[in-house]
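Protein chains in written order, with the working numbering: chain A, 10 to 365; chain B, 96 to 705.
Some hints could be false.
Claimed, not checked - Looking from chain A toward chain B, a few residues come up when the C-beta cut is under 10 Å (computed):
1) Ala70
2) Pro82
3) Phe92
4) Gly94
5) Gly105
6) Ala109
7) Glu112
8) Gln131
9) Ala133
10) Gly336
The set of hints was computed from the structure by calculation and includes no laboratory data.
Built from N, CA and C at the ideal position, the CB exists for glycine as well.
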Amino acid sequence: MTHIAKPRIHHPGLARNRLGLTRRDYEGPMSTLCAGCGHDSITAAIIEAFWELEIAPHQVAKMSGIGCSGKTPTYFLKEAHGFNGVHGRMPAVTTGAHAANHELVCIGVSGDGDSLSIGLGQFAHAMRRNIDMLYIIENNGVYGLTKGQFSASADYGTKAKRGEVNREHPIDPVLLALNLGASFVARSFSGDKAQLVPIIKGGLRHQGFAMVDIISPCVTFNDHRGSTKSYEYTRDHYNELVQADFVPPAQEITASYEAGDVRTVTMHDGSRMRFRKVPEDYDPQDRDQVYAYIRDRQRAGEIATGLLYLEEVPPDGEGTHFHGIQGTVDEPLVNYPFEELCPGAEALEELQRRFR
Amino acid sequence: MALDTQVLVNGGPPATASRVNDLAFKIGTVNGTGSASANGLLRSAIFRMGIPVSGKNLFPSNIQGLPTWYEIRANRDGHTARTARFDLIVAMNPATYARDVEEVTTGGWVMHDSSWPLPRDLNRDDVHFLGVPLAKMTVDNFEGSRVRILMKNICYVGALAALLDIDMEIVRGLLKETFAAKAKLLDANFLAIDLGYDYAREHFDCPLPVHLAPMDGNEDSIVIDGNTAAALGCVYAGATVAAWYPITPSTSLVDAFTAFCNRFRKDPETGRNRFAIVQAEDELAAAGMVLGASWAGARSFTSTSGPGLSLMSEFIGLAYYAEIPAVFFDVQRVGPSTGMPTRTQQGDIQFAAYASHGDTKHIVLFPCDPRECFDFAVKVFDLADRFQTPVFVLTDLDIGMNDWAVPKLEWDDSYRPDRGKVLSAEDLEEASGAFRRYLDVDGDGIAARTLPGVHPDGAFLTRGSGHDRYGNYTEDSEPYADVLARIGRKIEGAAPHLPAPEVRLREGATIGLLTVGGCRGAVLEAVDELAEQGVDVDYMRVRAFPFHPDVEEFLMDHDVNFVVEQNRDGQLRKLLITETRVDKDRLASILYYGGYPMSCHHVIDGLAST
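Put together the whole structure using the sequences plus the hints.
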């Protein structure tokens with residue numbers, strides 16, 4: 010069993026969004042992950058974000074690969090189609106689904122093994138193509154289902170549960186994403202829902218590839234002393250570098266600007282990300298500077314978090330994301346009637362004159 | 096072209112008896128020298144003279160500088176499979192002189208560039224040498240090395256036109272069509288063609304006894320390669336998403352699809368695309384993209400060759416088990432491993448039939464020529480949608496990349512895609528929550544599917560992990576086996592709906608000669624040749640797997656069946672043994688797997704040696 014059914018009867022007083030749906034309508038069946046697993050907190054944040062954004066669940070495509078992370082789409086949005094494919098190949102399946110129907114809201118949930126080892130190539134190429142999707146890495150530094158081997162995100166010198174020390178250098182998805190031109194790059198922590206929800210909302214509304222790396226401790230295999238992906242280590246080294254709010258299109262920014270308020274970035278649908286707090290010498294829209302800054306904080310032993318980099322979508326929105334590059338029509342390809350796709354007998358006759 | 100047509104005379108090569116519209120010749124050049132257009136010009140001119148003709152390009156896996164050959168066979172009876180006997184060779188590549196000269200039949204001709212003396216050791220006293228100073232003529236008449244190289248090719252076309260009696264008006268007409276917008280190039284081509292033609296007329300007895308004459312064999316035919324035809328089929332079937340990774344010899348299929356989409360699928364108002372073509376990072380990703388697009392409701396395909404298919408097998412298993420329509424074109428080349436990328440083979444038959452781990456079996460179509468590539472490219476989408484499964488079209492390099500004269504492609508405007516059981520929003524509304532993804536409601540092994548974004552009641556989680564008939568995860572024995580057994584029934588049930596075999600029976604025959612795919616021409620030629628020798632054989636060409644019921648019936652009806660195919664292990668024969676009730680002693684193999692297209696003599700020699 011990977012899920013346990015939940016009762017379908019809800020408390021009548023639960024808050025409803027404008028679609029008339031409660032948060033419970035955005036849930037799935039009960040998780041079967043270990044008690045205290047970081048992934049379940051991320052699931053809760055995803056549910057909150059979708060509810061607040063008032064997205065109809067059936068318009069969402071939940072994509073995943075293999076591993077503990079691959080199971081999680083079961084646990085949210087039960088009225089959405091899901092695709093739990095093969096290990097490390099979620100980006101390709103999502104690319105195909107998005108190519109066919111760009112109106113689907115695509116959320117991919119992956120893990121550090123799924124994205125940084127077996128699926129590193131697909132992860133990288135999905136960023137290059139700027140697929141319009143929210144891509145979450147539930148990053149715990151270990152393989153859980155196969156009982157605790159180091160993953161490619163395990164830090165140099167981190168200790169396994171049985172005492173083995175990692176001597177291979179990690180792949181950092183944030184630095185990789187910055188390098189490969191991802192247009193929305195964030196790092197967060199499963200234990201910080203207040204930071205996580207606005208990042209997920211922004212990622213869902215961002216046109217293009219939104220990469221969110223979330224430290225999500227594995228309570229069973231990687232939550233011990235000497236591990237750099239434990240709850241304790243993460244809390245001790247946590248630095249909320251950037252604080253950003255998600256502001257939906259219709260809503261005006263009324264709150265007075267606090268000290269440190271730096272900028273507001275408008276996204277293609279009119280939503281905005283409002284950067285409330287960033288360090289003085291930090292520009293979240295300067296890719297090179299962000300890269301250098303993160304490297305610097307890592308050397309200082311800090312885990313820098315927040316919406317670290319955001320590229321403004323050019324006004325016409327074309328040419329940068331997948332369908333812009335492809336030059337596809339506005340109507341999703343799946344909606345095109347056959348009559349408008351097939352050239353017909355006369356055209357075939359005409360064409361074949363060239364073949365003589 | 097049997098030896099008895101040759102009359103030996105004292106001294107020098109034997110004279111060859113006159114023969115019209117039954118000849119084969121070969122041009123040996125270096126790749127990257129622009130000979131392809133000259134060779135295509137020859138093939139087109141012969142086609143327009145109304146003579147059945149084929150053109151086969153034997154090329155290296157290389158960009159420039161290695162030997163390449165173009166073989167043209169014209170035959171009034173329509174036998175245009177590859178032949179290994181050449182009446183004439185145009186030897187343009189000194190690096191292959193020795194081997195080229197050897198391939199000419201006794202009494203045949205070798206045309207060579209006499210700007211330089213032919214090496215003495217290449218002389219054969221049983222063939223005629225026709226020296227044409229091609230390099231000298233082009234140096235004398237054209238400026239610039241590139242133009243000279245190109246015009247040298249056109250010069251040999253002119254000389255061949257004189258020698259073989261190819262209609263010069265047709266040749267000039269073709270040049271006019273090609274260079275309609277480039278007057279200067281047209282003039283150069285006209286000059287080059289005349290230089291070659293006039294030289295041959297002045298110096299040789301033209302035409303040769305073996306030559307061509309106009310006939311009316313091609314009125315309803317076209318010349319097309321299989322990759323182009325398959326791509327066109329994909330457009331006509333309504334495919335909107337293609338994902339691929341470049342690989343010889345399948346690349347030109349997606350190239351052609353791109354070109355046809357640009358021609359037929361641009362929104363007239365906005366100029367935007369009603370298609371998406373993704374060049375993936377590898378074949379794994381290409382297959383994943385096809386599954387994703389099909390899952391979302393588009394008709395989607397990929398085109399690859401053996402090495403790519405190996406990489407795709409993980410996703411093929413997923414598509415089979417999660418029941419996602421997916422279309423794979425496999426333009427086979429020589430394996431195993433990298434093998435010989437520019438040579439042809441039928442080496443993926445067994446692999447395609449059972450690709451991926453676990454219990455799988457797949458629908459496979461085997462077109463024999465470009466015409467069938469077009470028809471099957473439409474059919475394959477209907478089958479994938481109807482049976483919700485990966486379906487393969489297995490062609491090969493010879494079908495995919497060579498020029499075939501085939502009957503015109505036909506289209507029926509009343510065709511509408513068979514999308515299979517896909518529930519609409521209205522269907523789901525009506526079902527009021529009763530939809531379960533893998534429930535066999537109709538008893539035909541095919542469950543209804545839904546598309547994302549359509550209706551909340553249609554939601555389910557597609558998974559490659561164990562699932563029950565309701566689509567839920569399971570690790571329990573019975574619900575798992577229940578689904579797997581149903582999928583097995585579904586695929587078996589497809590057999591009668593697949594293309595039936597092509598069968599040609601002869602009175603009193605007790606021997607069956609069966610084959611698959613592009614071997615058709617060679618085998619039919621063999622059937623005719625055997626009949627002339629007084630041996631009657633029945634012919635069958637398998638067109639799909641799982642085997643149509645007619646296949647087994649044919650095998651049972653014959654004491655012995657010879658299975659002709661292009662691989663070492665007799666893969667089709669093995670499939671027949673596994674998947675029909677026929678006793679394996681009734682099945683014998685005739686195999687050729689050296690990488691060139693199958694010839695009639697392979698079949699005849701194979702029969703003789705068994």
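Now for the hints, and whether the structure bears them out:
1. Ala70: holds (5 Å)
2. Pro82: OK, holds: A:Pro82 within 10 Å of chain B, min 7 Å.
3. Phe92: The hint holds - A:Phe92 has a Cβ within 10 Å of chain B, the shortest such distance being about 5 Å.
4. Gly94: Given a least distance of 6 Å, the restraint on A:Gly94 holds.
5. Gly105: This interface hint holds because 3 Å falls under the 10 Å limit.
6. Ala109: Interface hint status for A:Ala109: holds (4 Å vs cutoff 10 Å).
7. Glu112: OK, holds: A:Glu112 within 10 Å of chain B, min 6 Å.
8. Gln131: holds (6 Å)
9. Ala133: With Cβ-Cβ at 8 Å, under 10 Å, it holds.
10. Gly336: holds (5 Å)
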